[in-house]
Amino acid sequence: MSKARMDRRGFLSRGLAIGCSLAASPMFTPVSFAATGGNNRLVVIILRGGLDGLDLLQPQQAALRQLRPTLAARAPSGLEMPGGMMLHAACRPLWPMWHAGELAFVQAVSTPYRNKRSHFDGQDLLEAGTAQVPSGTARDGWLNRMLQNMPNSEMTTAYAVGADPMLLSRGDAPVETWSPDVNFVMSSQGARLLELTMERDPEMARAMHRAMALAGEGGGGVMEMADVDMMGGLEEMMDAQMSPDGKDKATAHVRVAKFAAEQLRGQARVACFSIGGWDTHANQERNLKSPLKRLSNSLLALKAGVGEKVWARTTVLAMTEFGRTVAENGTKGTDHGTGGMMVMAGGAIRGRQVHGRFPGVDEVDLFQGRDLMPTDDVRRYAAWAIRESFGLDRATLEDVVFPGIQLGDAPRLLA
Amino acid sequence: MVFDQDIAQTRFGYGRSPKVAGPRNVDEMMSLLRGPDVAEVGLEIPNEEDMRRKMLAFVAARRKVSMAKDDSDKKEALRKQFQAVRRSAQEDVAGWIGDALARRVWSRDGLRERLVAFWADHFSAPGKSELFRYTAPSYVANALRPHVSGKFEDLLISALLHPQMLHFLDQNNSIGPTSTRAKNRPEENLGLNENLAREILELHTLGVGAEYTQYDVRQLAELLTGMTTIQIEGAVYLTRRVEPGPETVLGKEYGTRRARISDVHEVLRDLARHPDTARHVTQKLAVHFISDQPDEDLLVAMGARYLETDGDLAAVVEAMLRHPAAWQPVGKRSGNFKQPELFVCSALRALAVPPQKFQLVKRNQVRRFLDTPLRTMGQPWRTPFGPDGFEENDAHWVTAQGMAARLQWALGVPAAVLPELPDPRVFVETTLGAHAPASVRFAAEAAENRREGIALVLMSPAFQRV
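For the protein sequence lines, the chains are L and E, in the order given.
Here the first sequence is numbered in the numbering used here, starting from -7 and rising by one per residue.
Here the second sequence is numbered in the numbering used here, starting from 112 and rising by one per residue.
Think of the hints as simulated: they come from the structure by calculation, not from any bench.
Treat the hints with caution; some may be incorrect.
Unchecked claim - Rough simulated footprint, nothing fancy, chain E against chain L, three-plus residues with beta-carbon under 8 Å:
1) 155 to 164
2) 169 to 179
3) 188 to 198
No experiment lies behind these values; they were computed from the predicted model shown.
Here a beta-carbon is modelled for each residue, glycine too, at the ideal position from N, C-alpha and C.
Whole structure, please, built from the sequences with the hints as guidance.
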């Protein structure tokens, strides 16, 4: 397997160097997107599973050391934040971003979801942006409703990236979905024949056309047979692609972030994807490291991928369905809670800030005696980020994008 | 009516097979559907009792782990035991999915298999927890499958009062606010959960456009109190949870005497026979099988048959098949773009992938050949976003990612599951039959290798629009 993987890698990089003969047929001309309004970018990352905000940004409080005998007993990371909080050591790669004023946090926030603590409903609510768990046919996401109401919305390009379908981007506004792990290699002869069979079906032909172009960006798509032979054959290449082990699973999230960055550097203004692995019921000290690294690497990949100019106009919001219990459980982990944390990044934000009010962790301060008390609605922060990035008016945000929220005073999220 | 043997297989089954003959007429289709469920033979249907036993073992093993003292050797041993139970549950699910695929690929009664998939979508109840994800195949096989050629009201009752649905739509937490149970535990703030009641009216019976009000939802929710699940017994009716007093749903009074489960059955039967339900259900069938914009006359015929027979689903399906609109070639008002599940299953059928391939399916193979591809095509196996099931609208499925994922599958999976691929020139004939367009025949012949030749046939509009 490892040989096949190496061959594939080599094949792809050489394939890119040679150029994949995309221009050989009208089907493979580059995707053309309409010109867009505004230059700001918004990226929304859903952190699935419930991020423990109290571990990401550890308050140095005596009460917490009692409630979290193993988690709070760790040697401090030394990454000191305002109010004496410590950033989790696994986020050390983000330290320069913090110092550059491109990283911020919003503490003790939550959706209106209470009591049940189900991932399923919690994520639905977070992505729907509503006060009630969406039901039946009325299911669309707040990001899509935002797109429908953007100035020049018909010209805005948006991407949902990754294999998992997201409620967040579902709705009437067109959103291109693409997973960089969807990949295929086809001979140019095969592609021409494919085009021939779709000649009388413009709808399918159009979708296939875009698929070819997008696959080409990822190093797949159409190859000249001569190139393919030189590189060890189409068959072997396809075998490597069909195998989930043929790709390095550990970097799947980076491929997603890179693809999103690539689109944002071009015509796209909005992108969303998700990162899982936050449901740390057991051995959190060990198990929280990898999702935090995934988040860090994704943010770094976005920054590197969009380039300096676009990064300066980019706002990233990373949101989770709920926080976790303040007290450690019996398996050195934490259970589903309520008040959580949002992470913000990007050159457009007013960084080096921890927004929001910390409610305290003494027993009387807790929600139902167990969870961090939410002191604000996470949707309010998302709404302000949208308002400051794209200029949506108050009424649209309060009535359509996040029905029922009160925007209140500006938390001044963007620089 | 112009019966067409190819359309009979592609539009009302899982497509043409080189090994299984298609039905010769509507009579044959209907006698298969009305006859015994022969496709089950040799392909295990998950046994409900067995399933419940396994559920209990799963819950018990999980509880033991959480009860054990931390850091004890015993806890580690219990955790290992739980892992074994979990692995066995995952293997069962992989096996059942394999069997479901094999039935679709080899059944003579493709119509029945399509109807099972249709009703599994109409009564979507993907598990909301790990345990209920394992029991989902059993729900489809035991609660839905036996009723697809019976009365809609029996299907409705069987689906809605199954533990899978009661859990999915939160009925287990719905308790009459002035019931004995709520009064005995005032500190718990027990009360109604309207979720199941709302979805019954909006999705399962009348349809969202019908004339019912929030009052009906509330009253139906009160009437449903008492329905809940006890792990050992399954779905039960507990009178101490029932909201006292009669309820009025769509103007009719129920539960005037002592609380009984028959009140719940009665309201569901009434809803099943309602003209709005007839319209909603028949429209949905016609859209799913024939076209996003079905022929108005066809809808009238199906709706009338539904009402005449009090929702006899075989009769309604027959009304659809006896109507000329069912047999129109693909055009503006007939034909659908295959949803991903149908695309994959009809491709496996066209390739006649041997049944033992599916029975030997291992978890990682399910993931490689089915789960991951269906997810990227936008239709993770029987896991829609919500209780409203998957989109019927063709345009929803004709996307760049969808097409790319289908092409990836068509180029990769056939070669991975068959020792030898068929000759594309033969494959185009056995798969598309009399409907094979010249361009696809040409493409199959001109392809540089078998792998691409097969993929070209599977990607063609002639294969994907039926």
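Here is what the structure says about each hint:
1. 155 to 164: holds (count 5)
2. 169 to 179: holds (count 10)
3. 188 to 198: holds (count 8)
Checked against the numbered hints given earlier, this structure breaks none of them.
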